[in-house]
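Novice: In the order they appear, the protein sequences are chains A and B.
Residues in the first sequence are numbered consecutively from 1, following the UniProt record's numbering.
Residues in the second sequence are numbered consecutively from 1, following the UniProt record's numbering.
Derived from the structure by calculation, the hints contain no laboratory data.
Worth double-checking, as some hints may not be accurate.
With a straight-line Cα cutoff of 27 Å, these simulated DSSO-like cross-link-like pairs (lysine-lysine) come out [claimed, not checked]:
id: 1; chain 1: B; residue 1: Lys236; chain 2: B; residue 2: Lys259
id: 2; chain 1: B; residue 1: Lys77; chain 2: A; residue 2: Lys280
id: 3; chain 1: B; residue 1: Lys72; chain 2: A; residue 2: Lys280
id: 4; chain 1: B; residue 1: Lys130; chain 2: A; residue 2: Lys471
id: 5; chain 1: A; residue 1: Lys487; chain 2: B; residue 2: Lys130
id: 6; chain 1: A; residue 1: Lys313; chain 2: B; residue 2: Lys77
id: 7; chain 1: A; residue 1: Lys273; chain 2: B; residue 2: Lys130
id: 8; chain 1: B; residue 1: Lys130; chain 2: A; residue 2: Lys175
id: 9; chain 1: B; residue 1: Lys72; chain 2: A; residue 2: Lys273
id: 10; chain 1: A; residue 1: Lys147; chain 2: A; residue 2: Lys198
id: 11; chain 1: A; residue 1: Lys471; chain 2: B; residue 2: Lys286
id: 12; chain 1: A; residue 1: Lys230; chain 2: B; residue 2: Lys130
id: 13; chain 1: A; residue 1: Lys230; chain 2: A; residue 2: Lys175
Just so it is clear, the structure is predicted and the values come from calculations on it, not from any experiment.
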Amino acid sequence: MSLSHHHLNTNILPTLSATIPTPFPLVFSAPIVSFLSFIFYSPLSLPSSPPIFSPFPSSLPTRKKMATAFSPSKFAAQPFPLNTTSQNNPLTIPTTASPFLGSTRKLIRLSSSSNLNIRRRSGTVVAVSDVVKENKSKSTLNLLITKEEGLELYEDMVLGRAFEDMCAQMYYRGKMFGFVHLYNGQEAISTGFIKLLKQQDSVVSTYRDHVHALSKGVSARAVMSELFGKTTGCCRGQGGSMHMFSREHNVLGGFAFIGEGIPVATGAAFTSKYKREVLKEADCDHVTLAFFGDGTCNNGQFFECLNMAALWKLPIVFVVENNLWAIGMSHLRATSDPQIYKKGPAFGMPGVHVNGMDVLKVREVAKEAIGRARRGEGPTLVECETYRFRGHSLADPDELRDPAEKAHYAARDPITALKKYLIENSLASEADLKAIDKKIDEVVEEAVEFADESPVPPRSQLLENVFADPKGFGIGPDGQYRCEDPKFTEGTAQV
Amino acid sequence: MLGIVRQKMLEQSLKKIPPAVSVLRSYSSAAKQMTIRDALNSALDEEMSADSKVFLMGEEVGEYQGAYKITKGLLDKYGPERVLDTPITEAGFTGVAVGAAYYGVKPVVEFMTFNFSMQAIDHIINSAAKTNYMSSGQISVPIVFRGPNGAAAGVGAQHSQCYAAWYASCPGLKVLAPYSSEDARGLLKAAIRDPDPVVFLENELLYGESFPVSDEVLDSSFCLPIGKAKIERKGKDVTIAAYSKMVGYALKAAETLEKDGIDAEVINLRSMRPLDRSMINASVRKTSRLVTVEEAFPQHGVGAEICASIVEESFAYLDAPVERIAGADVPMPYAANLERMAVPQVEDIVRAAKRTCYRSVS
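All chains, please: the whole structure from these sequences, using the hints.
Specialist: Structure, rendered in structure tokens:
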């Protein structure tokens, strides 16, 4: 039971920094901590154990703005909400007894595809680092992915990137309008998580949902047409950029209000459990992923759903895409305790932090979390540290973010990182990857052409789909149901 | 002209169901008496046993047997997986229910009063009502939100608001307000079977009232159509349109008016969205006078919508300006005498009806 907090969360780390009254970087003198360092939530440079494909720059001269915000003294000075036991011995696991976490003993069992050092185990993310280090020195036998998987991940991320870049172009040419929120830079999260799902698993997202829909399987044509407002779009032009729905691929939207999708995702997970237990569909193990940002983590609905998901042990993974900014509001200015993954254990579920610019690490954590949910062990909160290369939306001038910060993260571009990994480990050649780039460019261009040529919705579509049972439009002056009048949808809003 | 056809259809259907013309319990008849509470409980019970996808969710619906005992006995019968006691998180659990409804299960969400639904209104409107449209028909939301609505007795400003107008203005929702036990049973069953989000506005003070019900109403497949109002009392001099508790007041007012020689026709709206404009218009074309009654705040209310509908469609038939009776334009006061003044009373309806009868446009 006490091991429950050991595995997927790293909440021993804050205790370390608090008990050692020295600034952050000095914490990393301890060898064990050096492995944990790179996953610790801090964009400060962490000199030791660089993961193979996201090297931190060794010095960050001009990131003063961020540095002061993250200043170690600030952290050390703030009282951390600690369990008293861990103050005496930083490596003691907090002993909150949560009965339904007892089953996480099974998490000691590690994925067999990698040689992992059990003694040092404190989260699969560390394991990844171990594997990666070993790979460098040993052979290519213990890679995290096969060639096919690698190419699939690469292709998905490049599709996301190319699609979003094309969206920006189309927006400035006036073909797309309204609010458009682009996902550049965060592709590793979408690809890392969604590519592990089955078709019946569901994804709930926010307004930054184009790439989630693409990763889940909605065709680029359908998404582009939807953005152009054409009738061939995935919602026939009735949803738009922020409301991507697909019954076929179980994309449940697309919500404009932050925090709105989280309870909906919790409900979808609830249905999975309900189907299994009440409707007796014994093999229903559908998992739901809820994607949302750092700003949402201060919203009441987030906490309400963490509570209910843990209370009812729902098969859901809460994925926080922490890109540090909510429009122009820095996460640190808005949040009393910026370490979002810690909010999981407060509700009785594991909280994990992972480097969201690294698709392979995200994938490893995702495997664990999705596996947990599928086995019925309950929810997980995964915080992915990531960054959006563009502004909040295409209307955002993006003046508040420090260019040095942007440069720092641009250097950690997930696509170039994966490319480097694939080439260095001889999983793919430069030519293979270039072929994929070209293919995706063609797909995106074709999507734009398709969308351009598609018709706008006909006038009669205005009144359709308001109700599943269209008698909801009521009774017309002739006493018949309005929807039964064949001329009903030819009019305007004269209902 | 076609309105007359409508009338005849109504009369035929009315002959099948004996209308509940009086709320007085002393109205002894062979028909069985049933309280609204029992009507709702039996409707939920029957729908849950007929379809295992229906489940209940709300605060105190389970072990407490329902805050107003509407869900009494259902936890024992169906178990905790289908009757869920939630934490006090309206926004959260309403969203959870909506998300579950995306997948075709049929939640019935209880709000302890509809005042608390304001904490969840984002989910009712944005993720339930609008989703079928936004997803272009791919995802329908077969959910029912129910609970007591409107003023109770001395509960103060934050527990007394009527939400019919707010919800009825939103496309994508169906809004129902039953009056009698027959309404309660029929409309709740129809709401649960409906594939769209339905807001079901009950009234706390009516829960204990008994109404006569026929055998047809007690049948487990009894269902009332959504979007059709009911003429509770036929008349020819003035039309009084009301919903929920005010229908009872209107019927009492009609009895008083009868003594003064005014034959009032009382319409029980039953459904705020879709509003049965054709029946109201047909009635007004017959009587030429209209009084709308509601307990809610007057501005932008159901009465306002009905007035606009009449002016748009039956203006030439009006013999007097439309009278709108609504609650006082103030948050509900606590003191008993002030509360009485803030809510329409039978005398107000009588006076308004008389005003319409003694005034004339030409």
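Novice: State for each hint whether it applies.
Specialist: Hints, verified against the model:
Pair hint B/Lys236 plus B/Lys259 holds up; C-alpha atoms about 15 Å apart against a cutoff of 27 Å. For the suggested pair B/Lys77 and A/Lys280, the alpha carbons sit about 18 Å apart, so the restraint of at most 27 Å is met. Straight-line distance between C-alpha atoms of B/Lys72 and A/Lys280 comes to about 26 Å, which keeps the hinted pair within the 27 Å bound. Of the pairs offered as hints, the one joining B/Lys130 and A/Lys471 holds, with about 16 Å between alpha carbons and a cut-off of 27 Å not exceeded.
Of the pairs offered as hints, the one joining A/Lys487 and B/Lys130 holds, with about 24 Å between alpha carbons and a cut-off of 27 Å not exceeded. A C-alpha spacing of about 24 Å is found between A/Lys313 and B/Lys77, which places the hinted pair at or below 27 Å, so the restraint holds. A threshold of 27 Å between alpha carbons decides the hint, and for A/Lys273 with B/Lys130 the separation of about 26 Å falls inside it, so the pair holds. Proposed proximity of B/Lys130 and A/Lys175 is supported: the alpha carbons are some 25 Å apart, at most 27 Å.
Of the pairs offered as hints, the one joining B/Lys72 and A/Lys273 holds, with about 25 Å between alpha carbons and a cut-off of 27 Å not exceeded. Of the pairs offered as hints, the one joining A/Lys147 and A/Lys198 holds, with about 20 Å between alpha carbons and a cut-off of 27 Å not exceeded. With a CA separation close to 26 Å, the supplied pair A/Lys471 and B/Lys286 stays within the 27 Å bound. Between A/Lys230 and B/Lys130, the direct Cα distance comes to roughly 19 Å. Compliance with the 27 Å bound is thereby established for this hinted pair.
Distance restraint check for A/Lys230 and A/Lys175: the Cα-Cα separation of roughly 11 Å lies within the 27 Å cut-off, and the hinted pair is therefore satisfied.
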